[in-house]
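K.L.:
Residue strings, one per chain:
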Amino acid sequence: MSDSEGYDSDDYPSIRGSDSEDEESGSSGNEDVLNTSNNDHGNDDESDSSELHEGVEESDSSEDEVVPRNTVGDVPLEWYRDEKHIGYDITGKKIKKKEKEDKLQSFLASADDSKNWRKIYDEYNDEDVELTKEDIKSISRLLEGKAPHRDFDPYAPYVDWFKWDDSKHPLSNAPEPKRRFIPSKSESKLVNKIKLAIRKGLIKPKKSKEEEEEEESVYPLWGDDSNSTGKNDHLSYIPAPKPKLPGHEESFNPSLEYIPTQEEINSYQLMYEEDRPKFIPKRFTSMRSIPAYENAVKECFERCLDLYLCPRVRKKRLNIDPESLKPKLPNRNDLKPYPVSCYLEYRGHEDAVTSISVEASGQWIASGSLDGTVRIWEVETGRCLKHWKIGEAVKYVSWNPNPEHSILAVSAGQDVLLLNTGCGNEEVQKSTKELLSVEMPMPDDSGKTASSVSWLQDDKLEGIRLRHSKTVTAVEWHRKGDYFSTVMPAGESRAIFIHKLSKKFTQTLSFKLQGPAVTSVFHPTRSFFFISTKKIIRVYDLVKEGKLVKKLETGLREISSIAVHPSGDHIIVGSGEGKLCWFDMDLSSKPYKTLKLHQKDINNVSFHRSYPLFATCSDDCTAYVFHGMVYSDLNQNPLIVPLEILRGHSSTNGRGVMDCKFHPRQPWLFTAGADSVVRLYCH
Amino acid sequence: MVKHKHYRPPGKKKEGNAARYITRSQAVKQLQVSLPLFRKLCILKGVFPREPKKKVKGNHHTYYHLKDVSFIQHEPLLERLREIRAYERKVKKADAKKNRDRANLLRQRRPTYRLDKIILQRYPNFIDALRDLDDCLTMVHLFAALPAIEERIEVKRIHNCRRLSHEWQAYISRTHKLRKVFVSVKGIYYQAEVKGQKVTWLTPHPLQQVLTEDIDFNIVLNFLEFYEALLAFVNCHLYRSINVKYPPILDPRLEALAADLYALSRYFDANSRSAVLDPQASSLSGSGNVESQQIGDSVSESELRLAQLQHQLPSNEPGALMHLVKDVAGEEEEDDDTRECKKLFKDMKFFLNREVYRESLLFVIPAFGGTVSWEGDGAPFEENDESITHQIVDRPMHGRQTLAREYIQPQWVYDCINARIILPTGGYLAGRDPPPHLSPFVDNEAEGYVPDYAETIKQWKTAGRSEVLPLPGVGKEDLEDPQKLLAEGVIDRAKAKEAVEKKKKMMALERQYHDELNKELHGVPHSSSVSNIDNHISGKETEDKEEFDDDSELAKLSLSRRKRGNLEAAEKGIKRKKDHIDVIRERKRKLKESQKSKEG
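So the protein sequences, as listed, match chains Y and D.
Take 1 as the starting number for the first sequence in the UniProt record's numbering and just add one per residue.
Take 1 as the starting number for the second sequence in the UniProt record's numbering and just add one per residue.
Isolated chain D, as found in the complex (with noise of 0.2 Å):
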């Protein structure tokens, strides 16, 4: 008898990886699904495939542990999801048969499911959720700006997605949980920092968003259908643990003009003082849609946008937000981080021109303790307030300019939220080129290289912090012991080679200085011995490093050849990095050159 490759005697059952992974359609099979039935499950889910160390059927199939796969099938949903099959069928059928009246009564009752128990069981604890928030978040915030799409995408579930962003931004808002933003080309970065958990989320630049043709919606639906109700139980969640009741329940007056985010922390300051909306408000609110043409016309957007846009509603208390600040901050113990942000703009007013981001600056603001107001009826304080210390113009503005006030570009704002102190407005004022926008996500001396603008920011920083000022030119030149410079942080590494070399350097001096004394006790003539120091230290490094080379190489000739492997991938890695930065600072040179060139 030839024995096969993977014989197995009748009626042994199978082991190992051949027992435990079985391929996609192979569970498409055992669950008895149709293929986008599986994939929804799946999402809902959240079963992934997995890599089996030996895979039975072949590289090219996808492997689902029999685990996961069984884990659908015991799933209450399954049988739901069936079931809505069948009703569908029913639906159609008494359509097919033009009776209408049974159609519609079909229609009506369709049966729903509902998806608590899942997260639950996805995330039994409230941190897991967390940590999971990031897609989550970046999706629905995506989708809260994308237009209605009829056949794909329904107004409800836009309007929902907003509603859902808009209360987790007015949390973090209200609870100064904030920590960096950065505006990037692909959109605004926000990370804050919950219970611990940093979580980062993008949302889309407030314009109309391309819709491209080669994506299946069926999908990022499936994902968003789990995206908000997991956000809407985590608001939910996050809104008890301050003591706010969820879902909040709005002025339906200021729901309608969809302003949502300041209606949300009017809700929370009318919650936390158990106080009535004031009654005047209503005396406000008939104001026109004169400032959404305004931006109509800089910005083409869709309906839906300029309808958020409009944050026309009535508020004749400017500190409404100050007031709601302080009262959480009795409420809570909160950490130095927390702190820090709350006080970063205390105390400043500011005002928003038009064509700023004003959604973005209304959430950023006051997250950092600052009060905003904006051009329009319903804001909270008007342009010609003396008390404004900061007015955000995007556009250069001629004339009619208030000394009393800095006129400014929106980069200042973002720029000081990441550098955490209040940068000198110099460089931002507006009609300027403003200075680089830098990523607070990047560990500048980790990666290698150090921008400019960040050293200037450090230096900055540091100044404020002995509240002394920065000294240029001076402060730098007598760094004495670089060891305990760096364990004071004061300066970086860069600094502390540059200190190092410099010591060495004066070390050698000293050390010739000594030959040469000796030399001349011992009555040698005084010969050619102006040697250079330099070169010295450069031919003693040299030397050093050769050896090293040859070190490092024989220290490679012992190891094994996965380690080996290893260790060529990791140096490869290295070089790679470096070569970028390599690049940039020819870059960097070059445009010096030019620059130099230019003046001279």
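Chain Y with its partners taken away, still in its complex shape (with noise of 0.2 Å):
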């Protein structure tokens, strides 16, 4: 096999073959350059099969230097990495490896060393050749694509191989192909081709320097500033907001008070991971030893998102004191009188008081309890006047409006009980008793109100009960106090009944209301009747027989208690929710104004007689207290102002204030608590 070492340069290195593996020299890497460079010679039909002649030309020229010294045969070299030998000696023994220096050692060596440059490292004989300086010259020849020794001259005339003076004919005696003599067709198409190119613009001559810089030359784009371009048609510009500005936290040196303690950070872990502060403030003693900080491309690359990422929209934030979006409301002190504090409180009964009425002169007050008594007490000192047993629950009571009758109206179980109150001087007791009479066998004159309802002298309470036939749970009297209406609400279609006292008459009227109805009310001055079921309050004209007027959405969900303004034309209703609606009957069937209020079911609300106020209980303890000036002036919308909050009563069983009512003459409210007490609130 021939050795071949690219340093021993006296012959013509080029005709090795290329794929000799075991070709291992200095200049190997110059191969590729050295085989395309001379190709032309024809030297690269040279094969696997020329590489005998090859080696026996190259022992020619080396025989008295260098012995072939091929250890190990046509093997890759792989195989003998991690050998301790390289080959074998003549005589078979194995040619150990040298040493391998340390690297930093042989580092160190070919710092010194100024001639390392030309030192390589032969693998195959392991050890390091020193190139000499014919070598390096040929070797940059060969780089320069020159063949390797210089007086080599590729352009020498050439020697024909074959002597052919005395011979007749030429080896070939083809003539001459014309082609050799024209231009060539195919290159003038392509020249064509890229002309064609140029003037279409496909292909474009290389810029000058000069106009490339010119190109990316900034020049002033905007024109002076009195450049105001008109209005664009484009869609309006959201500007980005500008990322917020540094606190004194974020200072290097904050003072001492921006640093939380220890105990501060850790307990920011115990946080939800939003909450806890992005940053934490650090103080650093002196400039210099301000760390880089770590997240500066990170936020950066969030603020980049942020700008093309986020929706944006112009917002208006409200920076406004808070103070200045609450209403302005006139002045409490201008609305007086209205109830403030409590005055009086009437104990006596022994259970929750569910309902109160105040008589129609104001002196005297009746209340009803679940323990099932009836109590009436003299307003201005608290006596209790008198008091019955009725034996059940007691729901509603109401005083007959009429001064000339002392008539209390009480509801109690499936019952409605008229009794007389003993109020009064003699000829109202007269014409009481009178009233309170009923002949026993009552004629039927309609088959109708029989079967509900009969009409039954009660010796005991000396009054007159009305048996129902369901639970009743409102009683409410017509201002002239001969008719009173009563609530029965699992009657279903005869849920309502009118009953005139004078004649003992109980009349039903099949109004058709979509749920149980939850109470009823006369119009003050007119002949309207307002029915209230759970959603909505209809109003009905008892003249035309009970024609439906007109239907008040409230949006409520569960209307407990209504109450009408003493002009007829505004309606307040509480509701289950805590929610009190106002409605101004002429403007709409929807609410003028709804307030949230409490925080739990309104039980009742109230308006006053005379005085511009209206008031709520509820079973959170407390009641409110309202102006609601009503204008004559149509066009002047009611004026709603929270006057003041009532506390005083005690929750029990869940229960607050169960009824409220003012007195008719002055600005007082009496209120009606679970807590068994009955108190007066007084201005």
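A hint or two may mislead.
In silico EDC-like pairs for lysine to aspartate or glutamate, Cα to Cα no more than 16 Å straight-line [claimed, not checked]:
1. Y/244 x D/132
2. Y/298 x D/216
3. D/117 x D/228
4. D/556 x Y/321
5. D/577 x Y/321
6. Y/98 x Y/127
Derived by calculation from the structure, the hints in this document are not laboratory data.
Remember, it's a predicted structure, so these values are computed and weren't measured experimentally.
With the hints as a guide, dock the two chains, each given alone in a separate frame, to form the complex.
P.N.:
Written out as structure tokens, the structure is:
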């Protein structure tokens, strides 16, 4: 096998086959160049088969200096990588490898040795070879693409290998083809193509450097400041909000109070990840000790994302004093008098007081309780004048508004009792007693009444008992004191009865209510009658035989009580959600105003008869007093001003204030609490 | 027939939000571009998603306005980018066919695009561009400090960023437009006022930046591409406005030394005086890189940064910057603010030791009218110059101190700038723990908490203004009419409140005195009326407060639900702020206590 060493450069190295694997030398990197550059010489047709010849040639030149030293044969060197030997000598003994030098040492040695750059490691023989000057010269010539030897002349006149001076014929007698003498067609085609492309502008001639620079240069883009381009028809540009400016705590040396203590930092771990402060202040005593901010690039990236990914909306931010948001209400002192503080307590009931009613003159007050008693109190002293034991839990009490009678209507269970209160002078007593006497055999005038309500004399309580078929929840008098209505929620289509006291006569109006009735009220001036179900209030005209006049949609879910303004044009509605609706009858069937007042259910609402006051009471043990001014001018909206929150009752079984009623003449409010106390609030 | 929820008879056009807004994927489809290209276009054109009132396709989509999309569609750049894409394919093909000549030829003639039209479209007026410059400056300054990364950030771009940032700083410094500087942990915030616009930007600390893997560099580079173009045009406009040619032609030697900022200021100088750079300069240029090594051992920096920090440029004219300043002053009419800023460091000579932020200080001190030099060979004046008034030192120096100058920490410069007065150097002397560095961007009184040092600075300021030395302890006591004082702006609100309280107390005492006199006159025996005035006052106050509470609650009752929500939100915000301040106060109290206990 031929041994090939690049540095033995006497010969013509390019003729060595490039595929011989055992070729290993310093100049191996240049082989490609070699082979390609010398292709013209026709040496490339030498193949493996010619190696023998090559070897011979090689050995010719170098036999006297170097012995062929390939000790392993034609095998890849990798096989010997991990071995301790590199080959075998002629006797078959292993040739050991040199000790490998420490890398550092070799580096140092190389740094010291100025001739190091010309040293090359020969892997086959495991030795360092120093290139001679000639070697380097030939290598550099090779790199330049020239023949390695300086004396070699590639353009030497051709010496024919075949002498044919004497022969009659040339080796080939073919005439020179025409194509050797005419311009190439394909080349001209190519040139044409390029020409065309340049003309079309597909290929642009390379620009000079100056032109390029000119193109890159910046020029004054905006004209003078007077340049005000008119309105463009694009969408409005919403500028991105500027990043937040840093506060004191972001300083490299903040005041000590801005630095959280270790405990506080630890407590951040317990917080939700969103709530956790993003930045923990730190203190550096000198500027040189500030480290690079590790999130700089990341924050820049996040800002970029915000800029192009976040939808932008113009939002009005209220950066004002919250006080200015509150409506400007008239001074409460100007709206006096109104009930402010608790003046009296009426104690005596043993269970929650469910209902109270004030006598028309304002001298007496009646209260009914769950303990089955009805009591009558003197308002100014708090003395209990009278009390009845009904036996059943009293749901509702209602005083006859006619001052000529002293009658109290009480609903308890399925009965409504009309009681003689015994107040007033003798005339009153007399007329009352007359009214409260029923001839026992009551002739049935109409079949429909008798079946559900029967008028009975109650001797024990000295009054009339109206027996209903179902539980009665409310009793309301007509303003004249002759008619009264009762509500029997379970009665379905016959839930409402209107009774005439003077004739002891009951009338059923079959109103089509959807859902159970809750309360009913007479209109204070006209012949209207209000019936409320849980969601809707219906207004009927009684004169026109119960024609539906109006339907008020409250938007509430659980109406508990309604009250009509003395003028009759305004209604307030309290609901189980703690909401209060104010209706202006003339305005619309939707509430004029809805106020969310109480945390818990509103139990009752009431208007004052003469003062512009109204009140609500609720299970959260408070009663609110409002100023509700109604103007005769139709253009002016009613003025509603919250005046006072009355507290004092305590909660019992989850119920608070059950009922509230105003005094007919004074700005006083009576409240009935579930804590079995009736309170009087005075101005 | 079942009527659909959004039923629309065939042939009827869409209306409302459904017609006006399309989702991103619809937009991409309409534009016939890939998603990355769409992103790039959005970034360059400044198109952002919008929030329709009604989201027709659902809540989880992003919506673009149809006009925005058609705005992109008619952009000539879109066509250009498509061309580029086709061209890249040609190159790829040539490469794949090993047609190297063709590939090289194609590579040389790559089509490019310019962004000038887009910039003009986005910012029809120069002011608009200034308004949006914050992010641009921050990013360009950040990239000027980043190392080049192979296949991600080219060296060329970083060099460009550095050039642009230096040009901007040179303009700001020369025209004295800098207003506030704040050294935070994140970097240094600068705020300048250009043409009435406040421009704030953040420069990172001159240290090796950390590059995280979890960011998409394509997006950031798209932004950077636009910002580079924008800042170049803005700089050009600004330079023209002060009659300086743009782009500045710098001495190639100075540029090679990466002393851009100083070279720029010299360029200004040369330009404004139409003088040629001094020929002797070259004699000093042979300086070694001793200094860079010095910096190198204290701070590990990339080679790039090192080169940047080598401000060894020749100059044998110490007052060059001062000259420059004077020249400009003649040219322009300036507002009071600028004049004040210009005079702050007047007649002061600074010398920067190593280990201080040279870049920043070289920018900041001339912006406020000072003269500055540094340790190193090319500096305008040497350390042993007699006229130096302040030497800025970060590490305490031992020995070899001159009495004629003050050795201060760099923080002093920044604090002076923010306070706009020359602060006493006592607290800032080298080796001491400096007083806290406070943010100039915070309105302390609106925040509700004034740090002690802010209070002190304010006193110094007022003292400086009235030319009277502050008398601690005396001046505070005789605050007679708080209203008047407030009007004069001498004292802050907290003090005014204090004074009001004092006044109230005085009046109550007076009243009591009168009452007692009356009583005595009416012959009422002097009974137990040695009443506690404090009690009286506080009692009245609590009553007041209760009434107020009730009142506010009642007022809330008559609000509509939305308004009430607003109100509650506002109250919540105020409360959060207050809580935060309470925490700070509490910390302060504890700190004081601990200090006391240490002393005691």
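K.L.:
Now look at each hint and say whether the structure bears it out.
P.N.:
Hints, one by one, checked against the model:
no. : hint          : verdict
1   : Y/244 x D/132 : holds, 14 Å
2   : Y/298 x D/216 : holds, 10 Å
3   : D/117 x D/228 : holds, 14 Å
4   : D/556 x Y/321 : holds, 14 Å
5   : D/577 x Y/321 : holds, 14 Å
6   : Y/98 x Y/127  : holds, 8 Å
Checked against the numbered hints above, the structure breaks none of them.
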